Amino acid sequence: MVSITTELMERVAPNTAAIANAKKISQKNGFTVLSKSEDNTLLYGECKGSGKNLYITTVDFIDPSAPVFRCSCPSRQFPCKHALALMFDYMAQKPFTICGIPEDIISKREKIDKKKENAEKAPKKVNKSALIKKMKKQLEGLDLAEKFLKEVLQTGIASLSGKGLKTYSDLAKQMGDYYLPAPQTLMQQILVAMEELQKDVTKEKYYYQKILQGLVELHSTIKKARVFLQTKIETEQVSMENSTLYDRIGYVWKLSQLEELGLYQKNVELIQLSFYVTYDEIKKEYRDIGYWIDLQSGVISKKENIRPAKAVKYIKQDDTEKACAQIEKLYFYPGEINQRIRWENALYREVTEQDYKTIKQKSRTALAPVIKEVKNQFKNALSEKSVVCLIAFQSISKVGEQYILEDNTGDTIELRNKEILKTLSYLPSQSFLKEQSLVCEFLYDRENHQIFAVPHTIVTEKELVKLLY
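Per the numbering used here, the sequence shown runs over residues 1 to 469.
A couple of the hints might just be wrong.
[Said to hold, decoys possible] Listed below are the simulated DSS-like cross-link pairs for lysine-lysine, each with C-alpha atoms no more than 25 Å apart in a straight line:
hint, residue 1, residue 2
1, Lys-362, Lys-303
2, Lys-302, Lys-137
3, Lys-137, Lys-94
4, Lys-115, Lys-173
5, Lys-166, Lys-302
[To be verified] Computed Cβ-Cβ distance ranges for the label pairs, DEER-style:
hint, residue 1, residue 2, range
6, Thr-278, Val-227, 30 to 36 Å
7, Lys-372, Lys-116, 41 to 47 Å
8, Asn-267, Thr-167, 51 to 57 Å
9, Lys-116, Glu-146, 42 to 48 Å
10, Glu-350, Lys-133, 48 to 54 Å
Calculated directly from the structure, the hints in this document are not laboratory data.
Only a predicted model underlies this, so the values are computations on that prediction, with no experimental measurement involved.
Idealized CB from N, CA, C, for every residue including glycine.
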């Protein structure tokens with residue numbers, strides 16, 4: 001069994017309240033029975049609860065990278081406070097008697113093994129007729145989105161106000177019936193910008209720019225998605241392919257599909273460079289966003305955890321990670337500079353001083369080629385409009401009211417805050433602002449037509465100084 005640590009507990013717990021409640025159970029000796037298997041792969045406990053019967057709780061470490069939690073309590077949290085309390089008891093070195101592995105656990109382990117075997121078998125045949133039917137429905141939805149676009153362009157942006165706003169809002173809602181969540185979101189963003197403009201006319205230029213940008217993105221999405229879908233229908237080549245258009249349409253990938261396309265890598269070590277949480281008012285969902293660097297290649301990828309507001313109680317939030325994740329199989333989604341990644345299981349080890357040195361060595365040494373790559377991505381209307389990179393710098397200094405990063409060639413870029421993320425106020429002392437590396441997010445200021453950078457983390461040879469939490 002892997003060692004149970006505070007870091008592991010924080011990683012698996014659904015929230016801080018569950019940890020606090022688990023500690024109370026452990027401190028009050030809530031378990032009347034504490035046992036473990038001879039091979040240390042299973043913890044077993046019987047805990048006092050609010051009902052007559054004891055709760056039967058187990059933590060199964062047959063796969064150390066993915067412990068399985070089971071409990072007979074009615075809690076919808078996973079893992080529940082009893083499973084966490086059982087691990088706290090083990091950490092506290094309370095006496096655990098040796099027990100055999102129950103038959104139901106053996107049976108469940110066998111089912112998990114069988115499921116893994118089935119997943120490794122040849123994939124099921126694609127139901128072409130069903131997929132073609134869905135694609136035809138999506139084309140119908142694109143027709144509606146194009147109708148919205150043409151009407152706005154013909155009658156002017158002002159048509160989005162008043163009664164027109166309600167009419168178009170209803171039209172945007174219909175996009176969900178046509179399996180087009182991404183175009184639906186673009187339409188909603190345009191309408192929300194118009195609503196905000198009506199509330200605050202002093203920011204007319206800002207909101208008009210947002211509306212126009214949304215219309216450009218919607219036009220590009222409709223145009224490219226239509227050709228993409230029509231080609232697939234005509235050729236009947238409906239199987240998945242490595243294309244970012246699936247995300248633009250709003251498709252949800254399965255890991256098996258990514259694997260079929262070879263979008264995975266084995267035995268990878270990743271370290272988290274930065275992390276923050278945002279809330280999408282339009283989609284009503286939280287996004288936990290982390291940027292991770294591959295210690296071998298130096299590639300920086302993006303990990304997202306989406307938590308709908310309605311279900312936020314039941315979905316574990318990601319958090320700042322201090323350990324190095326050792327991942328047996330890392331999956332990549334189709335993408336550009338910062339590809340989105342996902343993994344199912346991982347082991348974790350402490351980050352060493354050599355790791356910090358390795359990360360610093362992976363820094364890009366000059367701004368000019370990086371900004372060129374960023375511009376090329378930003379030029380594509382359907383591309384992600386932010387890029388995170390690791391840049392070696394000569395200095396970070398304040399010139400008037402501006403913060404300026406200077407690279408080792410003498411080129412400079414302005415550093416700014418990003419919306420509510422006031423990272424500049426967390427810049428450390430001057431000793432960290434000379435000859436180090438910076439994890440920064442490149443963004444485009446449409447009003448002033450310039451690229452700027454938002455600082456996330458300063459990297460030294462001994463530590464990561466994270467400015468986002």
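Structure-based check of all given hints:
1. Lys-362 x Lys-303: With a Cα-Cα distance of about 20 Å, the restraint between Lys-362 and Lys-303 holds, given a limit of 25 Å.
2. Lys-302 x Lys-137: Between Lys-302 and Lys-137 the Cα gap is close to 31 Å, so the pair fails against 25 Å, i.e. violated.
3. Lys-137 x Lys-94: 60 Å, violated
4. Lys-115 x Lys-173: 38 Å, violated
5. Lys-166 x Lys-302: Not OK: Lys-166 and Lys-302 at ~36 Å, beyond 25 Å, violated.
6. Thr-278 x Val-227: 30 to 36 Å: With a Cβ separation near 32 Å, Thr-278 and Val-227 satisfy 30 to 36 Å, so the hint holds.
7. Lys-372 x Lys-116: 41 to 47 Å: At 44 Å between Cβs, range holds.
8. Asn-267 x Thr-167: 51 to 57 Å: For Asn-267 and Thr-167 the Cβ distance comes to about 54 Å; the hint holds.
9. Lys-116 x Glu-146: 42 to 48 Å: With a Cβ separation near 45 Å, Lys-116 and Glu-146 satisfy 42 to 48 Å, so the hint holds.
10. Glu-350 x Lys-133: 48 to 54 Å: Holds, since Glu-350 and Lys-133 (Cβ atoms, about 52 Å apart) stay within the stated range.
Consistency note: the structure conflicts with the earlier hints numbered 2, 3, 4 and 5.
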